[in-house]
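Please build the complex by placing chain A on the supplied structure of chain U, with the hints as guidance.
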Amino acid sequence: MQLFPCPFCGPRDEREFHFAAEAGKTRPDTTGAVSEADWAAYLYDRRNDKGRVREVWMHLPCREVFVMERDSVSMEVLGTTAFRKAGA
Amino acid sequence: MSKRYSALTLLREGLRGHRGWAPAWHMPDPKPRYDVIVIGGGGHGLATAYYLAKNHGVTNVAVLEKGWLGGGNTGRNTTVIRSNYYYPASTALYDLSVRLYETLSRELNFNIMFSQRGMLVLAHSEPEMEMAARQVNAMQLNGTDAELLNADQVRKRAPLLNFAPDARYPIHGATWQGRAGTARHDAVAWGLARGADQLGVDIIQNCEVTDVITEAGRAVGVATTRGEVRADRIGAAVAGHSSVLAKLAGYTLPIQSYALQAFVSEPLKPVIDTVAFSPAYGTYFSQSDKGGLVIGGGLDRIPSYGQRGNLPVQEDVLGGLIEMAPMLAKVKLLRHWAGIVDVTPDSSPIIGPSEVEGLYVNCGWGTGGFKAIPAGGYLFAHLLATGAHHEISRPFDKARFAGGHLIDEGAASGIAH
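Chains U and A, in that order, give the protein sequences. Position 78, counted from 1, in the first sequence is what full-length UniProt numbering calls 78; the numbers after and before it change by one each time, with no gaps. Position 94, counted from 1, in the second sequence is what full-length UniProt numbering calls 94; the numbers after and before it change by one each time, with no gaps.
Isolated chain U (complex conformation) (with noise of 0.2 angstroms):
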């Protein structure tokens, strides 16, 4: 099995880790008028990148959240931030 870093626990099991989304989408402005065409952008379009990738994740056993760096054809792992803010 593939160890992944949570930034809470350390190294675990792939298995216990859950794939949210790409990161670094942003919602849109609900205070104006958005367009079909721009909801489902933000909805359904993906970078889908072959190499170097930036995802949420969530490892499962703990809650935490984070945001994982990795190469989506070599598998390795790059790197993770969490998003929870260093003493909260």
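It is worth saying that the hints were derived from the structure and are not from the lab. Just so you know, not all the hints are guaranteed correct.
[To be verified] Under the rule of at most 30 angstroms between Cα atoms (straight-line distance), these lysine-lysine pairs were calculated in the DSSO-like manner:
#, chain 1, residue 1, chain 2, residue 2
1, A, K247, U, K50
2, A, K66, A, K247
3, A, K156, A, K332
4, A, K66, A, K31
5, U, K50, A, K269
6, U, K25, A, K3
7, A, K269, A, K156
Chain A alone, transformed into the frame defined by chain U:
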């Protein structure tokens, strides 16, 4: 070049030591210009070229393949062909494919070994039996064949399954589609390539598209590892790499690429003559003519472009297999591999124009592309030749995402996608 195949030519070549066979298709260099370029020499790309020539008389066509024919998902799937879907739009699409497959060997003069051995989708509880009845009703209303079987009827068709009352998931019955089956996947690619070649299509291997050339916002050609090629219309049928091509051309897709794994065992004496699928165990299998069990399951849970297997899914799928059919527990695996599949949010394909004028896409088949090869090619050829949707492909346009008309087969038919 390749002549018509028959029992007589086989006998003659057998007596001559098989020294007289000609190549089944040409190996041309790319010309600078075509009417249509099809990117991707898998099943869908080759079928598109074949039907462009056959149905629409468009023969000035190039199929550009970065590797070898059928070396991607066409040669990596578990060869199942079926149309047991829930929504009318899906049945229209996949049943067209089954009907085209039924006559494809004869039409292509190439034996694709389509064996309509039927498929069981097991139901493991009384509530699942009610859902199975709903599925059968939907399929019959949509005009395809389906039957609801009780446990005794399932036992007659596949006695090796686990009918023990204390099984992890006891068998209560199954849905049955008798026209479903398996085919020799390499032969589908080779037969379509030979058919397209005979109609004048240029099939160009080892030719990777490295860029899409656009002029005034319109796609007018592609840069490849074998030079620049231009065309009036470009069709992309590149499965798991659809997003990579989209990035080159500048359009977007609602696609995530995942590895889908499959397994084949050592050859055994015949133990099952149908396809058996258990959604609860997440495993399905059939037996090839050579005796190997061909085993598949669900998608990997980690997005990937790595065309190789891994352990978590292997454990799930094979654990499911030996619960489904405990007598197979000691069977050894021969091979284990993965293909990269293009998964959409609703588990239905995308056929239609891209946001770049002149460039059309056939993608998003996810885990179900092989069964759809003839229909995907038939409908994509219609789109490329006429510039307009065939009635069957229209619901599968990318516009369904903005319009909210999803065809959510992942949820509806409960079939692994």
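Results for each hint:
{"no.": "1", "hint": "A:K247 / U:K50", "result": "10 angstroms, holds"}
{"no.": "2", "hint": "A:K66 / A:K247", "result": "17 angstroms, holds"}
{"no.": "3", "hint": "A:K156 / A:K332", "result": "26 angstroms, holds"}
{"no.": "4", "hint": "A:K66 / A:K31", "result": "16 angstroms, holds"}
{"no.": "5", "hint": "U:K50 / A:K269", "result": "42 angstroms, violated"}
{"no.": "6", "hint": "U:K25 / A:K3", "result": "56 angstroms, violated"}
{"no.": "7", "hint": "A:K269 / A:K156", "result": "18 angstroms, holds"}
The structure does not agree with the numbered hints 5, 6 stated previously, though it agrees with the rest.
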